[in-house]
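S.K.: Letter by letter, the chains look like this.
2 protein chains.
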Amino acid sequence: MGIPPGAGRVEQVAFGFMASKVLFSAIDFGLLTQLAKGPLDAEKLRNRLGLHPRSIRDFLDALVALGMLERHGEVYSNTEETDFYLDRAKPTYIGNIFEMFNVRDYPFWGSLSDGLRTGNPQNEIKGGEDLFTAIYANLDRLRLFLRSMTGHSLPSAMAIAQKFPWSKYRTFADIGSAEGCLPVQVALANPHLIGEGFDLPMVRPFFEEYIASFGIQDRVRFHPGDFFKDSLPGADVLVMGMILHNWNLDEKRTLLKKAYDALPDGGSLIVYEHLIDDEHRKNVAGLLMSLMMLIETQEGFDYTGADCCGWMREVGFTESYVEQLTGTVSMVVAVK
Amino acid sequence: MGIPPGAGRVEQVAFGFMASKVLFSAIDFGLLTQLAKGPLDAEKLRNRLGLHPRSIRDFLDALVALGMLERHGEVYSNTEETDFYLDRAKPTYIGNIFEMFNVRDYPFWGSLSDGLRTGNPQNEIKGGEDLFTAIYANLDRLRLFLRSMTGHSLPSAMAIAQKFPWSKYRTFADIGSAEGCLPVQVALANPHLIGEGFDLPMVRPFFEEYIASFGIQDRVRFHPGDFFKDSLPGADVLVMGMILHNWNLDEKRTLLKKAYDALPDGGSLIVYEHLIDDEHRKNVAGLLMSLMMLIETQEGFDYTGADCCGWMREVGFTESYVEQLTGTVSMVVAVK
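Going down the list, the protein sequences come from chains A and B. In this text, residue positions in the first sequence follow this note's numbering: the first is 91, and each later residue adds one. In this text, residue positions in the second sequence follow this note's numbering: the first is 91, and each later residue adds one.
Mixed in with the good hints there might be a few duds.
Any copy will do: because identical chains look the same in the list, a pair fits if it lies in one copy or spans two.
[Stated by the list, open to error] List of simulated lysine-lysine pairs, BS3-like, C-alpha gap at most 27 Å: (1) LYS134 x LYS372; (2) LYS134 x LYS319; (3) LYS216 x LYS127; (4) LYS253 x LYS319; (5) LYS127 x LYS372; (6) LYS216 x LYS180; (7) LYS319 x LYS426; (8) LYS347 x LYS180; (9) LYS426 x LYS127; (10) LYS347 x LYS372.
Bear in mind the hints are in silico, worked out from the structure with no lab data behind them. Owing to the predicted nature of the structure, the values given are computational and were not obtained by experimental measurement.
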């Protein structure tokens, strides 16, 4: 018998759910928030978090092996990445999206096979309800969702605040703003801008609290509305982040057309998503996010930069380009 | 503001559960078994598997991006690795372990945080029962478990069949043999050997069926017994694969001592596991497998090669060495 192939890639993918849960438990326990205050050994950390002795070393060392913690001698500390993104005390915390993955999506993905067989979502809208109607009907669920969207958008929002040529513009509006993650990052990095967050009316108190916590309520306001029923706000730049992927192709085109209609000549639309690479073979996160749309929405799906540029041309934009923001998220910019 | 760190490592770990479920659904649908018969385009594959059009491309292309499939033009095919290990029609199929991950462990790991807080397992033995008593009491559960152990052991068993100096020995016994994965691989590669599989009496029919399917029932027999209550079989070489990690430290030492007592002078014991690296910072699979022992057993845990060599010395072995078998599994060999 010849030498059999290694089973390493299969095993790594198959063990992925355990790795995710180890990270989610660390977030759940506030472990990274605790270590952001200073390094600790296993026993002190275990006591602070109220954990059992049995598996504490394996748990912490799994986080080390996964690159989520460092260990020097017997003392654990955050990595630069986990300290920046997973300390709840920092405004750059993005753990909320993973808290939602843990409590909502991990169990929902348990029935992925049913989703792939039927084409139907596998969350609380299995019965046919719209996801956002369901989420927005319950204040606790809405709070969890809006916060998770901040975690989902923050790395992209920070990148857009730096990479887009904001100096050419005076006003912007974020369509489907949730708490206002993007408006905050853009306004903080560009003091000459005036911005709005556009979302359903019940989002207002969450938005206003979040904006006020950064002291920029004089430059960033809430604009209530339903992006299918109402006109979009007029501004030099409109932004749609992780919005289009929730909807079917007709709805995507409708939203792009409404953005085109609302913009002045020379105005820009920024769309950002976990864009799937044009060859549909590299960006794992984009393809998995599209399957997340199967699990979570009636007809949503993710798409490539080429797809988006094509739809933008169809609704009237003459110019568009794609630019990478993070390892897995890119923006598509169109000019009217 | 300076350039923020990338969030790529955190995101990759957090998306791991989705990647696992995509692979598990592919196994569930028999997708790799279907493609082992020949490459197919998305539409033909979708029809064969009875899947819905909505997410078929994203599902298949996620498998491509994860390295589980290849796509040439519009036609999908297995990789060398997935063709060898995930085609149910081949004797080298290891998908049974992932079928068990999918139906048992994915939901059980949902309560990892409870396990880490309490030190208690999170499966059907939450109430205090022993795992193997629970599994062996139900024939369907036993069959699933025994088959999954074949998937779990096969890559290691094939490596041991080649790498261990079998030419120096005449007989071997696999302690906790399940269906007999290791005895089959060792006997096929070493026609001079006579072997036994030692396991609880109700395993016999599953073992004998599996052995007979390879036509080696004249050289490999079943030896019923309980490794805590009975003596271990006498043989030149004893093997314990993925066995010691199920038990606490006293039980581990007891099993090693019983192996020492059963071996002749010059006999060898082979232990194989997802050994944790001695520094406890590299072998993610070993550390996650140890957390699997938290989820699945009362007091089990995984360990390092140095740990195992130490316990072997304590029970009387004078010589031992560690050798890597696959990317994540190693064997410890001790000589009496």
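S.K.: Hint by hint, which ones does this structure get wrong, listed from lowest number up?
M.R.: 2, 3, 4, 6, 8, 9 and 10
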